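Asker: Here is what each chain is made of, one letter per residue.
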Amino acid sequence: MNIEFVLNGRRVSAAADADDSLYKVLRGLGMYSVKCGCETTNCGLCTVHMDGRAVLSCSVPAARCAGHEITTLEGMQEEARRLGACLAGEGAEQCGYCAPGLMMNVFALAKENPHATDAEIDAFLAGNLCRCSGYVSQRKAIKTYLGMVCGEVRA
Amino acid sequence: MAKYKNYVVAQSLEEAYALNAKKSSVIVAGNMWLRMCGLNKQTAIDLSALGLDRIEETEDAFVIGSMAVLRSLETHEALNAAFGGVFRDALAPIVGTQFRNTATVGGSVYSRFGFSDVSALLLALHAQVLLYKRGAVSLSDYQKETWDRDIITHIRIPKGQRAAVRSVRVSETDIPVLVCAASVSGEGLRLVLGARPARAQIVAEHLAPDCGEETFEEIAAKTAFGGNLRASEAYRRKIAPVLMMRAAKACREVAQK
Amino acid sequence: MSEKINSRVIGGVGEPVPKKDAPALLTGKPVYVADIAPRECLCVKLMHSPHAHAMIEEIDVSRAQRLPGVACVLTYKDVPGTRFTQAGQTYPEFSPYDRLILDRHLRCVGDPVAIVAAETEKQALAAIKLIKVSYKVLPAILDPRESIDNEVLIHPEESWRALVPSCGADNRRNLIAAGEDAQGDIEAELAACDVVIDREYTTRANQQCMMETFRAFTRIDTYGRLEIVSSTQVPFHVRRILATALEMPKSRVRVIKPRIGGGFGAKQTAVCEQYPAIVTVKTGRPAMIVYTREESMTLSSPRHAMRMHVRLGAMRDGTIRAIDLHTLSNSGAYGEHGPTTVGLSGHKSIPLYTHNMKAFRFAWHTVYTNTMSAGAYRGYGATQGLFAVESAVNELAHALGMDPAVLREKNIVREGETMPAYYGETAASCAIDRCIARAKEMIGWAEKYPARTLDNGHIRAVGMALAMQGSGISGVDTGAVMIRLGDDGIYNMSIGATDMGTGCDTILAQMAAQSLECPVDNITVHGVDTDTSPYDCGSYASSTTYVTGMAVVKTCEELRKKIIRVGAKLLGCREGEVLFEGDCVKKADGSASVTLAQIANAHMMAGVEDISACVSSGSPVSPPPFMCGCAEVDLDPLTGEVKLVDYVGVVDCGTVINPNLARRQTEGGLLQGIGMTLTERPEMDHLGRTVSNSFLQYKIPARVDAPNIRVEFEPSYEPTGPFGAKSIGECVINTPAPAIADAVYNASGVRVRDLPITAEKILLGRKE
Chain A
1 MNIEFVLNGR RVSAAADADD SLYKVLRGLG MYSVKCGCET TNCGLCTVHM DGRAVLSCSV
61 PAARCAGHEI TTLEGMQEEA RRLGACLAGE GAEQCGYCAP GLMMNVFALA KENPHATDAE
121 IDAFLAGNLC RCSGYVSQRK AIKTYLGMVC GEVRA
Chain B
1 MAKYKNYVVA QSLEEAYALN AKKSSVIVAG NMWLRMCGLN KQTAIDLSAL GLDRIEETED
61 AFVIGSMAVL RSLETHEALN AAFGGVFRDA LAPIVGTQFR NTATVGGSVY SRFGFSDVSA
121 LLLALHAQVL LYKRGAVSLS DYQKETWDRD IITHIRIPKG QRAAVRSVRV SETDIPVLVC
181 AASVSGEGLR LVLGARPARA QIVAEHLAPD CGEETFEEIA AKTAFGGNLR ASEAYRRKIA
241 PVLMMRAAKA CREVAQK
Chain C
1 MSEKINSRVI GGVGEPVPKK DAPALLTGKP VYVADIAPRE CLCVKLMHSP HAHAMIEEID
61 VSRAQRLPGV ACVLTYKDVP GTRFTQAGQT YPEFSPYDRL ILDRHLRCVG DPVAIVAAET
121 EKQALAAIKL IKVSYKVLPA ILDPRESIDN EVLIHPEESW RALVPSCGAD NRRNLIAAGE
181 DAQGDIEAEL AACDVVIDRE YTTRANQQCM METFRAFTRI DTYGRLEIVS STQVPFHVRR
241 ILATALEMPK SRVRVIKPRI GGGFGAKQTA VCEQYPAIVT VKTGRPAMIV YTREESMTLS
301 SPRHAMRMHV RLGAMRDGTI RAIDLHTLSN SGAYGEHGPT TVGLSGHKSI PLYTHNMKAF
361 RFAWHTVYTN TMSAGAYRGY GATQGLFAVE SAVNELAHAL GMDPAVLREK NIVREGETMP
421 AYYGETAASC AIDRCIARAK EMIGWAEKYP ARTLDNGHIR AVGMALAMQG SGISGVDTGA
481 VMIRLGDDGI YNMSIGATDM GTGCDTILAQ MAAQSLECPV DNITVHGVDT DTSPYDCGSY
541 ASSTTYVTGM AVVKTCEELR KKIIRVGAKL LGCREGEVLF EGDCVKKADG SASVTLAQIA
601 NAHMMAGVED ISACVSSGSP VSPPPFMCGC AEVDLDPLTG EVKLVDYVGV VDCGTVINPN
661 LARRQTEGGL LQGIGMTLTE RPEMDHLGRT VSNSFLQYKI PARVDAPNIR VEFEPSYEPT
721 GPFGAKSIGE CVINTPAPAI ADAVYNASGV RVRDLPITAE KILLGRKE
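As you go down the protein sequences, you meet chains A, B and C in turn. Note that this note's numbering gives residue 5 to position 5 of the first sequence, counting from 1, and the numbers run on in steps of one. Note that this note's numbering gives residue 225 to position 225 of the second sequence, counting from 1, and the numbers run on in steps of one. Note that this note's numbering gives residue 328 to position 328 of the third sequence, counting from 1, and the numbers run on in steps of one.
These aren't lab readings, by the way, just hints derived from the structure by calculation. Some hints could be false.
Derived PhoX-like pairs: lysine-lysine, alpha-carbon spacing no greater than 25 Å straight-line [to be verified]:
hint, chain 1, residue 1, chain 2, residue 2
1, B, K5, C, K129
2, C, K122, B, K41
3, C, K643, A, K140
4, C, K129, B, K23
5, A, K143, C, K20
6, C, K129, B, K3
7, C, K761, B, K222
8, C, K761, B, K238
9, A, K140, A, K111
10, C, K448, C, K132
11, A, K24, C, K410
12, A, K24, B, K222
13, A, K111, A, K143
14, C, K29, A, K140
15, B, K23, C, K448
16, C, K643, B, K238
17, B, K41, A, K24
18, C, K587, C, K643
19, C, K587, B, K41
20, C, K20, C, K132
21, A, K143, C, K29
22, A, K140, C, K20
Facing chain B, from chain A, some residues (calculated, C-beta under 8 Å) [said to hold, decoys possible]:
hint, residue
23, D19
24, R53
25, V55
26, A63
27, A126
28, M148
None of the values given here were measured: they were computed from a predicted structure. We put the CB at the ideal spot given by N, CA and C, even for glycine.
Bound conformation, chain A alone (with noise of 0.2 Å):
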C-alpha cells in the first residue's frame, strides 16, 4: 500500500506493506535518525513525534500514520544544535546511539513542563535508556537546556 503523511513539514508518500512499522518506513525514507535498539518497546532509540506527542515508531503500525504528521530530528535541527550544545558541553552523548531519541522526548517534554524538576525529569525521560553515561550529565544539561527554552518563554 501507499501511505501520505506529512514527514518534517512535507508531505511525503511511502509504499508499505500491512505489517510494517513507521521506523522502518521512516529509515526507508532516509531519516537515518531514527535508531532501534530493542523489540520489546523499552529503550526509546526510536522516538518520533506524531502530531506533537513523542511516540515508539516501531510500535506504531506505518499504516495508522495516513494523513498525520511525523516529526524526527531531521526536521528539528535548530532545536536539534541548541540542545546538542549543552549536551556535548557536558560530553554527555559519549556514543550518540541514544540521542537522537532522547532529543526527541526531550523537545516533548520542554513543550510540556519546560520547569521540570530533576525528578519530573528523570521521570519523563524514563524510556530513553543509555548505557553509557550513567545519566548524571545528561540530566545536567537537559536542565540547562531548559533553562535556556524557559528564559525565552518568559521574554
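Use these hints to put chains B and C onto chain A, whose structure you have.
Answerer: Then chains B and C, alone, in the frame of chain A:
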C-alpha cells in the same frame, strides 16, 4: 513480529465488528505487545479513526474510550481528581512516556496480561467493560473469560471511590513482581493482586477499610501465587500482605483528604 | 614534557573539550554502520540451533533456496575448514582456534545452523522457516563445575588448536586454561593467621547492552578486495580473523570502523562479521547483518560467569597476611577471551593488599560448557575477582569488628611498593589512600557507617570497596599514530585506536594539541581504516589513553623535529639556532621567524621534505588506576527492596586528560556495575536457553533507577604515561558489586555472595 496481509482503518464499529468476526483478523490497538507476539493474520483492524480516544465524565462515572492512551489517563485532571491521583501514580512506572503515549487502555484490558498494572487498578475500581455487541460486562467477569471477537468500545469507572496501588519491581520501569490495587467505596475495601504472576484477581472485597494486619495474612494464605523469572512463589506470598496493608492504608489516607 | 601554561594551546590536556564528533552525533547525522550501508545490501539472517548440544544429521535447504529474493543459503558444507577464534587479541591469540563459520557440531542454543541472504528481511526470515534440519541431540554440560573431565566433550575435533599451549588448554578435558601463580607458603601463612575468611562467590554472564547491536556490512571494493565496515573495537584483529576464517590472504581484506554505538568490550570479539563476509565472497554482492537485540542477548560475548573461592587470612590487629583465590571461569561453547579474562580475577584484586602480604596463591581453570560463548566485558575478569576479594575483605572487617575503611587503610598497596601478585610491577603512581579518604568524606562515612533506621522503618546503610585495573597489556599492546602537516599548517592525525563513544579521537587530539602547541581544532582525526590507519591493536584493555596516547606524544616529538628542520632551512640557519613555537619557527635570538603555514606550504612544493611522522608505542608495564567506591542503600525491611540512594567514586587515573569525558566514563561505568549488582539478571532455563533475552527481561538501569552518582578525581602522576595519565575506562565498573553487597549486609544482616542482589534473596535470607 506480527504479520498481516491487509491493514484496514475501520470507518465504523460495525465495519470493524464484521471484519473481526473472522478468526484471521486481529484488532490493532497500541500495537505494543501485539507486534511482538508473532501472530500471522490476514487482516489488521485499526480503530483509531472512530473517536474512541476520549475520556468523558458523566454524573456518576468516567467513560474512557478503548483507544485512549495510558498517558491520557495519567494526565487527565478530572479523572485523577476523582480518584485521588491514582492513575498518575499507578501508570507512571509503565516503561516510559512514549510507550504510554501509544499503549491503549482497551489493548491492556483485552489482552488480560498477568503483569498488567492497568487491569489491576481498573479491577479495584469496579470498572465495567463496554462491548460493542454484548454491552456492559464487569471487568472482574471479563478478566476470567477467554479472548473473544467482540470489540471493547469503552471502559466505565463509577465515581465515589478512592484507590491506591503499591507494587514491587526489579527496576522502576519494569513490569511488577507483584502489584496490589486497593479501593474504598460504599461497598468497603476491595483488594486486587496482579502479577501473581497470573491474571489480576479480586482477592477480597467488602472488607472494613481499617481491617487489621491479620486479615491481609489470611487473604494471602488463600491466594494462589506462582514463580517466574522475576520472583519465586514464596517471595510473592511473603510480600503480598505487606503490599495489601500499604495499599489499604494509602487508600484510607486518600479517602480522608 | 612541558606542562607550563601555553597560550598557544587551546583545548589541550586537562580541558573539558567537547568531542569532535558531537555535532554530527547530536544532530542525528548518518554516521553509523547501518546508516551508511549501500541500499542494495543483501539482508543476512542466521538460523539458530534450538539445542544446547547437537549434531546436524541432515539439512535440506532446497525449498529455502527457491524462495523468491533469496540469494544464498549456506550450511556447514559451504564454509572453509580452518578453525579460528573470534576473540580480538594480538596474534598469537591465547584463545583457542575452535570455531568454524558454520559447524555441523552445535555447541550451544543459538549456535548458527545456516546463513541466509535475501533481498529483504522478510524474505530471509521466510527462507529460514523452510530449512529442514534433523538433529542428533547430545547430552549437554550446562554447569561449569561438571565440565572438566566430563565424558561429554564439547570440542572433540582434531582440528582444534591452541596457539599458546602454555595457558593449559586441553580440548580432551573441556579445558580452555589452567594455571597458578603464587608466592610464599600459602598454607603455612593461613595456618598462622588468627582469622581466615573462607568463602565462595559467584557472578553471572552479564551483557554489555551497548545501544547499537552487533552489525557489519561487506562488499567487494574497486580492487576486487573484501571490504568490511563494522561496528568493532578491533579493526586490525577483524582483518586477521576474517582472513583466517575465509582462508583469504590478508592483502585481500580491508576493515573500516565508522562511528559505533557503544562497545564496552562486546565488540572486542568479531561476533557477526564473518556471516555477511562469506555471503559477499560467495555472491559477489554487498551484504549486511544487523543483530536483533535478542541475538545480541543470546549469541554474543557476555561477561565470563565465574565462581571464586577465597581464603583470606589476617591477624587480630587487621594485618592481611595471605590471600588464596581459586577461580573457575565459564567460557561457554567457545574459548573467546577465556584464558585471559580469568587471569585478571586474581592479578587485579590480590595486589590491592600488597602492604602486609606474606603469601598469596592464585589458581584458575577456564572451561567449556554448552552455554553462550563469553567474551570481553569492561573489567574483563577484574570485576568478578574484585567482587570476591573485596567482599571477603568486608567480611573480614565484620569478623574482626573493625571498620572496613580502617582495615583497608592498614593493608593497601602504597606508592613505590612492588606488587608480587601483579607480575612484580611497582606501583609507581598510586593515590588509593587519598581516594579512600576523600570517598569517606563525600559519603559521610564517619556518621553513616554501618547503618541507621529512618522514621519510616527503612534502614540506611553504607558499604565500601576498592578497585584497580591495568593500562593496556604490558609487552603486548601497541598503538601507532601518524600525523601529517598539511596546507596552511593543519595537522591530519591518523589513528588505529577505535573511538566507540569514549571520546578517544578527541582525547588523543588534545594530547597532540598540547604537544604541538596549537588549538585542538587544528588537529583533524581520522580512524579507522586498516588500509590507511597506522596499526593499533584496538581499543580494549584500558589501553587507548595510555598506550596510544604515548604514541601521540612520541609522534609529535618526531614531527616537531621535522618542522624545526624545514623551518631552519627556510630561515637559512642551523636547527640548533631555532625554536618551535606552535604557530612558527623562530630564531632563538628573535631576529627572524617563519610561520607554520609557510613551512607547510613550502614542504608541498618541489619536494623539499615530507613533514609527517608515525611512531608506534607499547609499554613494558601496565600501571594500575585505582579507585574507591562507597554506596549508600535504603532497605525496605518488609519487602527486601533495596534502593541505591547515593554512590560516590573517587578515582586515581593519573593525570585527567579531559575532565568531562573522564567523569562520564566513571559515571557510566559505575552505573553498569550497579546494574550488574541489582537489576540485571542473566538467566538460562534447564535446556540451556537464555531467557533474559531482551530489554524486557534483562533490566539495565533506567534514569529513574540511577542513584545520585558523585565522582571526584585524586590524580597521581604516572611517569610512564602520556602527561602522567593512566587508564580509566574499566576500573570504574568494579566497585559497585562489593560495596553494595556490604551496604546490604549492614542494612539487613544478609550476605549475598551470588550476584545479583535481589529483594528476594534479602527478604527470604533474613533471620526471623
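Asker: Look at each hint and say if it fits the structure.
Answerer: Going down the list of hints, with the structure as the test:
{"no.": "1", "hint": "B:K5 - C:K129", "in the structure": "holds, 18 Å"}
{"no.": "2", "hint": "C:K122 - B:K41", "in the structure": "holds, 15 Å"}
{"no.": "3", "hint": "C:K643 - A:K140", "in the structure": "holds, 22 Å"}
{"no.": "4", "hint": "C:K129 - B:K23", "in the structure": "holds, 23 Å"}
{"no.": "5", "hint": "A:K143 - C:K20", "in the structure": "holds, 23 Å"}
{"no.": "6", "hint": "C:K129 - B:K3", "in the structure": "holds, 14 Å"}
{"no.": "7", "hint": "C:K761 - B:K222", "in the structure": "holds, 24 Å"}
{"no.": "8", "hint": "C:K761 - B:K238", "in the structure": "holds, 12 Å"}
{"no.": "9", "hint": "A:K140 - A:K111", "in the structure": "holds, 18 Å"}
{"no.": "10", "hint": "C:K448 - C:K132", "in the structure": "violated, 63 Å"}
{"no.": "11", "hint": "A:K24 - C:K410", "in the structure": "violated, 60 Å"}
{"no.": "12", "hint": "A:K24 - B:K222", "in the structure": "violated, 49 Å"}
{"no.": "13", "hint": "A:K111 - A:K143", "in the structure": "holds, 14 Å"}
{"no.": "14", "hint": "C:K29 - A:K140", "in the structure": "holds, 24 Å"}
{"no.": "15", "hint": "B:K23 - C:K448", "in the structure": "violated, 63 Å"}
{"no.": "16", "hint": "C:K643 - B:K238", "in the structure": "holds, 19 Å"}
{"no.": "17", "hint": "B:K41 - A:K24", "in the structure": "holds, 20 Å"}
{"no.": "18", "hint": "C:K587 - C:K643", "in the structure": "violated, 65 Å"}
{"no.": "19", "hint": "C:K587 - B:K41", "in the structure": "violated, 82 Å"}
{"no.": "20", "hint": "C:K20 - C:K132", "in the structure": "violated, 50 Å"}
{"no.": "21", "hint": "A:K143 - C:K29", "in the structure": "holds, 24 Å"}
{"no.": "22", "hint": "A:K140 - C:K20", "in the structure": "holds, 20 Å"}
{"no.": "23", "hint": "D19", "in the structure": "holds, 4 Å"}
{"no.": "24", "hint": "R53", "in the structure": "holds, 5 Å"}
{"no.": "25", "hint": "V55", "in the structure": "holds, 5 Å"}
{"no.": "26", "hint": "A63", "in the structure": "holds, 4 Å"}
{"no.": "27", "hint": "A126", "in the structure": "holds, 5 Å"}
{"no.": "28", "hint": "M148", "in the structure": "violated, 21 Å"}
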